[in-house]
Amino acid sequence: MGPRTIGAIPGWAQYAGTKPPSGKPLDLGHDPARVRGLEASNEAAERDSPAGSAHAAARTAVTSLKLTDFRNYATLSLSLDERPVVLTGPNGAGKTNLLEAVSFLSPGRGIRGARIDAVGRQGGDGGWAIAAEVANGDGAVALGTGVMAGETRRKVRVNHAPAGSSAAFLDHLRVLWLTPAMDGLFTGPPADRRRFLDRAVLAIDKTHGTRANAFERAMRGRNRLLAEPAPDSRWLDAIEAEMAGLGVAIAAARREWAGLAAAMLGDAEAAGPFPTAVIALDGTLETDLGHLSASAAEDAYHRRLRDERRRDAAAGRTLAGPHRSDLIVRHGPKDMPAETCSTGEQKALLVGLVLAQTRLVTRLTGETPVVLLDEIAAHLDETRRAALFDLLTELGCQAFMTGTDAAVFAPLANRAQAFAVAGGTVHQE
1 MGPRTIGAIP GWAQYAGTKP PSGKPLDLGH DPARVRGLEA SNEAAERDSP
51 AGSAHAAART AVTSLKLTDF RNYATLSLSL DERPVVLTGP NGAGKTNLLE
101 AVSFLSPGRG IRGARIDAVG RQGGDGGWAI AAEVANGDGA VALGTGVMAG
151 ETRRKVRVNH APAGSSAAFL DHLRVLWLTP AMDGLFTGPP ADRRRFLDRA
201 VLAIDKTHGT RANAFERAMR GRNRLLAEPA PDSRWLDAIE AEMAGLGVAI
251 AAARREWAGL AAAMLGDAEA AGPFPTAVIA LDGTLETDLG HLSASAAEDA
301 YHRRLRDERR RDAAAGRTLA GPHRSDLIVR HGPKDMPAET CSTGEQKALL
351 VGLVLAQTRL VTRLTGETPV VLLDEIAAHL DETRRAALFD LLTELGCQAF
401 MTGTDAAVFA PLANRAQAFA VAGGTVHQE
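Under my numbering, think of the first position of the sequence shown as 1, with each following residue one higher.
Incorrect hints may have been included.
As the list claims (entries may be wrong) - Calculated lysine to any residue pairs in the SDA-like style (CA-CA distance at most 25 Å, straight line):
hint, residue 1, residue 2
1, K66, R121
2, K206, R153
3, K66, R83
4, K206, A241
5, K206, A149
6, K206, R121
7, K66, D192
8, K66, D138
9, K334, L391
10, K334, A241
11, K66, V141
12, K155, T210
Please keep in mind that the hints were generated in silico from the structure rather than gathered at the bench.
Since we're looking at a predicted model, the values are computed, not measured.
Hey, can you work out the whole structure from these sequences and the hints?
Here is the structure:
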């Protein structure tokens, strides 16, 4: 891949989407041997495959999607092939609901971040179900999820057998998405960018979500203890030790993703339709890992948590840790912060990031992700729309795209399968 460093910005662990001729190796914040091993494994698979080309990655595609009492669908059964899926119809018809259903075949709460008890069909008993057949490099797998009426915890099934958690889906399918709610990603609060960052990490590291959830639980426990008049210092120390280990692991995984994503961004054409992004991680732990070993960074964070107990108690929350980090994005060619770019430029930067993530997942896993692009035509001019369609075809991924105007997707022609959505019904065109 050959990424290179750029000038350091104090306080940031920075990575570039371009490759200045500095001649210095980029500190990726990850185990290079692991990455080389992943790439070597995939390169060997490509050489041994019948295709024997750079496009030898296995295609992953949802080939069947069945819904029961999900959003505005009482029942629905769709048969699909590996091509991109175009869903058109008026606002409120249920196009995004279909994308949301696919997004539930991954860890988390889907593209809307909805509560599990909020997605059942209005007028139903509260229960809902999603069943899908997925074709991938291992053949075919049946994935399912849903909740029973009166329950609040969703069940997960793989090949009709119960799975421990939704993280099990990542062994068979990786889902990426871009929605209108993310249009304000660069101008919104850091929490939105952390969520974007951590979902990106999760796509290449299935244990990242487990670590992040464990850190949040430990931090809540620490905050509760600090609120007590005389908290047990030994108990606090044990919780802080756990937080330190988890926090450094989270930061290290983010650094690894940032370095790899920068390489993917650097591989893109500088003069292409989607501007190259320069990404940076703004966080204490991420920065510490640039010059400290993981063990030393863990010790430093543990000491800081202990030293700042009084301050955190007064604030009512923990003020230092990976939950305070931020993802910083700049428009590479213009060398300006993404938040000051025009609406169209911000959308183009977002699309470029999602395309880079698609390439990264494909390279590291040997299988293409499924990509959800809700109202993708918004803020993209005709040239960029056509370029996006061509790039999706080149990447070989199954992309679900929605829009109100079918004519917008005309350049795809027979490269996609098209469906009309209206009032909870879906018809192939």
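Against the structure, the hints come out as follows:
| no. | hint | verdict |
| --- | --- | --- |
| 1 | K66 <-> R121 | holds (14 Å) |
| 2 | K206 <-> R153 | holds (20 Å) |
| 3 | K66 <-> R83 | holds (18 Å) |
| 4 | K206 <-> A241 | holds (23 Å) |
| 5 | K206 <-> A149 | violated (29 Å) |
| 6 | K206 <-> R121 | violated (30 Å) |
| 7 | K66 <-> D192 | violated (31 Å) |
| 8 | K66 <-> D138 | holds (22 Å) |
| 9 | K334 <-> L391 | holds (23 Å) |
| 10 | K334 <-> A241 | violated (43 Å) |
| 11 | K66 <-> V141 | holds (14 Å) |
| 12 | K155 <-> T210 | holds (17 Å) |
Taken one by one, the earlier hints fail for this structure at numbers 5, 6, 7 and 10, listed in ascending order.
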